[in-house]
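Participant: Here are the chains, one letter per residue:
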Amino acid sequence: MIKGRLAAIVGIVAIVAAACGTGASPAPSFDLPTAVGDGEGELSVLAWPGYAEDGSYDPAVNWVKPFEDETGCKVTVQVFGTSDEAFSLFSTNPTKYDVISASGDASLRLVRAGYVQPVNMDLVPNYADIFPALKDKPYNTVDGVHYGAPHGRGSNLLMWRTDKIATAPTSWAQMFDANPSWGKQVSVYDAPIYIADAAVVLMSTKPDLKITNPYALDDTQFAAVVDLLKQQKPNISQYWVDYTKQQQAFESGDATIGTTWQVITYLLQSEDPPIPVDVIKPVEGATGWSDTWMINSKTTHLNCAYKWLNHIVSPEVNAQIAAWFGEAPGNSKSCGLSQADQDNCDFFHANDDAFWKDVWYWQTPETACVDGRTDVKCKGFDDWVKAWTEIKG
Amino acid sequence: MTAQPFNQGSIARRFAAWLHARPRVRLALLLAAPVAWLVVAYLGSLAVLFVNSFWQRDEFTGLVQRTFTLDNFVELLTTPLYGTVLLRTVTMAATVTLTCAVLAFPIAFYMARVASPRVRGLLAVAVLMPLWSSYLIKAYSWRLILSEEGLLNWLLGPLGLRGPGQTEIGLWLVFTYLWLPYMILPLYAGLERIPSSLLEASSDLGARAVTTFRRVIFPLVIPALAAGSIFTFSLTLGDYVAPSLITTTQFVGNLIFLNFGAPDLPFAAALSLAPLGVMLVYLLVARRLGAFSSL
Numbered sequence: 001m002i003k004g005r006l007a008a009i010v011g012i013v014a015i016v017a018a019a020c021g022t023g024a025s026p027a028p029s030f031d032l033p034t035a036v037g038d039g040e041g042e043l044s045v046l047a048w049p050g051y052a053e054d055g056s057y058d059p060a061v062n063w064v065k066p067f068e069d070e071t072g073c074k075v076t077v078q079v080f081g082t083s084d085e086a087f088s089l090f091s092t093n094p095t096k097y098d099v100i101s102a103s104g105d106a107s108l109r110l111v112r113a114g115y116v117q118p119v120n121m122d123l124v125p126n127y128a129d130i131f132p133a134l135k136d137k138p139y140n141t142v143d144g145v146h147y148g149a150p151h152g153r154g155s156n157l158l159m160w161r162t163d164k165i166a167t168a169p170t171s172w173a174q175m176f177d178a179n180p181s182w183g184k185q186v187s188v189y190d191a192p193i194y195i196a197d198a199a200v201v202l203m204s205t206k207p208d209l210k211i212t213n214p215y216a217l218d219d220t221q222f223a224a225v226v227d228l229l230k231q232q233k234p235n236i237s238q239y240w241v242d243y244t245k246q247q248q249a250f251e252s253g254d255a256t257i258g259t260t261w262q263v264i265t266y267l268l269q270s271e272d273p274p275i276p277v278d279v280i281k282p283v284e285g286a287t288g289w290s291d292t293w294m295i296n297s298k299t300t301h302l303n304c305a306y307k308w309l310n311h312i313v314s315p316e317v318n319a320q321i322a323a324w325f326g327e328a329p330g331n332s333k334s335c336g337l338s339q340a341d342q343d344n345c346d347f348f349h350a351n352d353d354a355f356w357k358d359v360w361y362w363q364t365p366e367t368a369c370v371d372g373r374t375d376v377k378c379k380g381f382d383d384w385v386k387a388w389t390e391i392k393g
Numbered sequence: 001m002t003a004q005p006f007n008q009g010s011i012a013r014r015f016a017a018w019l020h021a022r023p024r025v026r027l028a029l030l031l032a033a034p035v036a037w038l039v040v041a042y043l044g045s046l047a048v049l050f051v052n053s054f055w056q057r058d059e060f061t062g063l064v065q066r067t068f069t070l071d072n073f074v075e076l077l078t079t080p081l082y083g084t085v086l087l088r089t090v091t092m093a094a095t096v097t098l099t100c101a102v103l104a105f106p107i108a109f110y111m112a113r114v115a116s117p118r119v120r121g122l123l124a125v126a127v128l129m130p131l132w133s134s135y136l137i138k139a140y141s142w143r144l145i146l147s148e149e150g151l152l153n154w155l156l157g158p159l160g161l162r163g164p165g166q167t168e169i170g171l172w173l174v175f176t177y178l179w180l181p182y183m184i185l186p187l188y189a190g191l192e193r194i195p196s197s198l199l200e201a202s203s204d205l206g207a208r209a210v211t212t213f214r215r216v217i218f219p220l221v222i223p224a225l226a227a228g229s230i231f232t233f234s235l236t237l238g239d240y241v242a243p244s245l246i247t248t249t250q251f252v253g254n255l256i257f258l259n260f261g262a263p264d265l266p267f268a269a270a271l272s273l274a275p276l277g278v279m280l281v282y283l284l285v286a287r288r289l290g291a292f293s294s295l
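Protein sequence lines, in the order shown, are assigned to chains U and B. If you use the numbering used here, the first sequence corresponds to residues 1 to 393, in order. If you use the numbering used here, the second sequence corresponds to residues 1 to 295, in order.
Hints may be right or wrong, so weigh each one.
As the list claims (entries may be wrong) - With a cut-off of at most 16 Å between alpha-carbon atoms, the simulated EDC-like pairs for lysine to aspartate or glutamate come out as follows:
1) U:K206 x U:E284
2) U:K298 x U:E40
3) U:K386 x B:E75
4) U:K184 x B:E148
5) U:K164 x B:E149
6) U:K377 x B:E59
7) U:K386 x B:D71
8) U:K96 x U:E42
9) U:K184 x B:E168
10) U:K65 x U:E316
11) U:K386 x B:E59
12) U:K184 x B:E149
13) U:K135 x U:D122
Please keep in mind that the hints were generated in silico from the structure rather than gathered at the bench.
This is chain U alone, in the form it adopts within the complex (with noise of 0.2 Å):
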């Protein structure tokens, strides 16, 4: 009897050791591909909603059938909806995406943590017209080494019921109001890096405090922060991931203002009947973001992996995303295309670089202050994440 339970023992040992030995090292040295071959047949795509769209969603919004046609890679999209659950998702299959549509707040982690392989940017020829503010950025080039092509950038918006809301809110502070005339209606993007939103409201509301960066919070200005989200809770009707909770919850009257994305806007104005929104970005600014398409190191996909890349920031298929998402292409000739393309270009200010200065790129905040300070140690995420916790009680 004794032996057999060793013998279990023993097993489950075994197990738990096998189990256990996975998880990636950083990339060593890397020798960066010279030519671009033919396409493996396959390509594994995790990308944000609305970026790899393959006629699922509308049949007339595709742009991964005529890549699949032209290149032999046959496409399977998968999407997420915080940069978090997209890194939670590689790390846990490191072999299974080929390539990623990286926020900031993603694309550094997955440098650092090795799963991603530099990418020589002369075998994607529309890199070149890529605006060059978006190029050479900490979050897609890591000691002079391209990291992926950058994707294009928006900006998070506050978006409200019309027919709710009569004066049209001009401040994020009316989302942070402790009483608010619509009462607990508030919808609250769900992941930790919300709280930069409350940084930013911070920096025009409370300038004592000295915030530089929403990501770059000390110990004082982050609980200022962490109180401010504490005091919003209780109008919380909502958090919200996947970006169709958002759509519903706005469609059915349980949420009346929050914060948003231009696609979920877009799609609520074009139900039937229309459902009343309207979005601004507020006058402290915001959020936002500046995605990188990213390769992963483990891929055997290679070649299909440079094709999609080098497909996804051509003008064509960059202006298609950046009409259907709702945000700035990253190709400076996606603009030149049509007049629907400018008016799209200049309605996101993609060569307005003044626009952007108070929109603060999604990154992941670290104990070395990302805003340069070395006189205090600041948040990490970590912290970030177990505030998060705290703060939705």
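With chain U held as given, fit chain B onto it using these hints.
Facilitator: Quick look at chain B alone, frame taken from chain U:
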């Protein structure tokens, strides 16, 4: 070719004869696959979970570092939030279980002791019917029913009333709806097993209905009740989808999910052990009450 079937038959027959003489080998062959499944898939993953909870992670990338630490447990025990959330979850599970028991009893009693076989069949179908549709569809439907401009408020509006909305009370309704069949079925089985003679004897001895229920039926049905409650309690305890769809309140499952996604796998693992502990205690109590003889 013609010799083949005869040969095969003979091998099979010889093997059968060999097996016939060896009952232990027979048993081993029969149980090998399911036991392996149980050990690898269930106990194995639990073991991995347990081991994971003692590891650290890289602060920035979240990569697991295999260095022993008790930090996860220290944090779990010293942060009041986790105690609050666990208590909230257990309270919800207990409330849902109690509600299910109260609602299920009359239905199960009617099915088991009053209804004609035809009606009983129809009722069984009615009870099982909701299980045919996906859990997600039901949870989403309830989200719509409870929403501000949803069905419930529309129905109650003319009466000047409002539904509970997307709150904890709404969630309590949803859970009760979702898990009720899991309470009715064991209870029905338990009630059906009570011999009629006992109820007749009770009334012959002058006991009224209430007394019969209190002194005869209830004690006999406790094991079935405990068995049903294992389902309702554990299903509520572990759920995180319905809470995140219906409310803005966090339950233990939501915290585990958030930490899993952070990703902070070691802490998520440590957190997972909390409801596991609760369930272990619950099962021990349920066994005391005879639940397992009733499953």
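Participant: State the violated hints by number, sorted upward, taking the hints as numbered earlier in the document.
Facilitator: none
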